[in-house]
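Sequential numbering from 1 applies to the sequence shown in UniProt numbering.
Please note: incorrect hints may appear among the correct ones.
[To be verified] Just the calculated beta-carbon pair ranges, DEER-fashion:
| id | residue 1 | residue 2 | range |
| --- | --- | --- | --- |
| 1 | 308 | 193 | 19 to 29 Å |
| 2 | 201 | 54 | 39 to 49 Å |
| 3 | 243 | 312 | 30 to 40 Å |
| 4 | 137 | 207 | 21 to 31 Å |
| 5 | 106 | 243 | 31 to 41 Å |
Quick caveat, the hints were computed from the structure, so don't treat them as lab data.
Being a predicted model, the structure only gives us computed values, none of them experimental.
Just so it is clear, CB atoms sit at the ideal spot from N, CA and C, and this is done for glycine as well.
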Amino acid sequence: MQAKANPGYLHRGFEKLMEYRTWIQNFPMVCRINVIEPGSMEMIYAMAVEKLAQIEVPARAHYIRSIYLELSRVASHLFGLWAYANMLGFDTVAQWAMYHRDLILDLFEELTGGRVYHIYIWPGGVRRDFPPGFKDKVVNTLHAIGGCVPDYDATFFNNRLFYERAKEIGKITQEEAKQWGATGQTLRATGMKFDIRKVEPYAAYDKVDWDVPTRADGDAYSRVWVIRDEMIESVHMVFKLLDAMPDGEVYTRIPNPFKWRIPKGETYVRVESSRGELGLYMVSNGGDKPYRVHFRTPSYPNGLIILEKLLENASIADVGNIMISLYVVAPEIDR
1 MQAKANPGYL HRGFEKLMEY RTWIQNFPMV CRINVIEPGS MEMIYAMAVE KLAQIEVPAR
61 AHYIRSIYLE LSRVASHLFG LWAYANMLGF DTVAQWAMYH RDLILDLFEE LTGGRVYHIY
121 IWPGGVRRDF PPGFKDKVVN TLHAIGGCVP DYDATFFNNR LFYERAKEIG KITQEEAKQW
181 GATGQTLRAT GMKFDIRKVE PYAAYDKVDW DVPTRADGDA YSRVWVIRDE MIESVHMVFK
241 LLDAMPDGEV YTRIPNPFKW RIPKGETYVR VESSRGELGL YMVSNGGDKP YRVHFRTPSY
301 PNGLIILEKL LENASIADVG NIMISLYVVA PEIDR
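The task is simple: from the sequences and hints, build the whole structure.
Next up, the structure:
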């Protein structure tokens, strides 16, 4: 049996539309390329604009960005856990994951005014500082989520039914993962410690100590375990960032957004989204809007190349198992 990817049903022409909008007007659009984790899309677009315009970001803003991105990562992984547990029939675990994700969305709503689309990261920093008492709310929320890890382990991760459904399913080797363009948990589940936050540190990721979780077997079981381990590592990282965060400004003022013209040039930047390496190539011709924008999204190789390979001769019952473990988000493919 073969599987053939047929993209295009969700195509909305984001990259072309961005050529007709100003540098700032593109922020609401870029978020919609990944509705599950818009924070990484904001970050990479802001980084590209800052690099072209040679804007320096205040130190405190770097820490706030990192905290915001790690909260987004945890929320995204909880959504992925919800989808995977729901697909396997672990309804209780799925409801837990969605409830805990909502707790993080509550934090986003207080900080940015939006639960899903935030438009919080901005060229030059972030739109506003943490409100009074927000740090304590972050700590309390993450403690509440972390306190339920033993329940998740007992009910799902150490459950024999999960092991039997996911072990040796959708397995790839490290060489295959590199050859097919896998990044993120798909690559790290094969034992390779590759993470853009370590390879090319940005924001404040090089200011605190943290580890890159890996597994060795490269199957769906390992990929889901990497997601679990990354959530725990992100929670610990947020605590360290909160403790080390300096005082100061959170924003470097930019020119009038409606008249802002960025010097000619081109750049490529990349970040580590919850799904893997997210890249952005951007060209400016000296005008008030981008001349060319092109995204390198992790779902593209996962959903078009790797998924086709892994679904060949696979059981119909394992299609959802494999696809969800690869963390494919359709808008990242159809841009």
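Hint check:
In this structure, residue 308 and residue 193 meet the distance hint of 19 to 29 Å, their C-beta atoms being roughly 27 Å apart. With their beta carbons about 19 Å apart, residue 201 and residue 54 fall outside the hinted range of 39 to 49 Å. For the pair residue 243 and residue 312, the beta carbons lie near 49 Å from each other, so the given range of 30 to 40 Å is not met. Checked against the hint of 21 to 31 Å, the pair residue 137 and residue 207 passes, with Cβ atoms roughly 22 Å apart.
For residue 106 and residue 243, the hinted distance range of 31 to 41 Å is not satisfied, since their beta carbons lie about 22 Å from each other.
Checked against the numbered hints above, the structure violates hints 2, 3 and 5; every other hint is satisfied.
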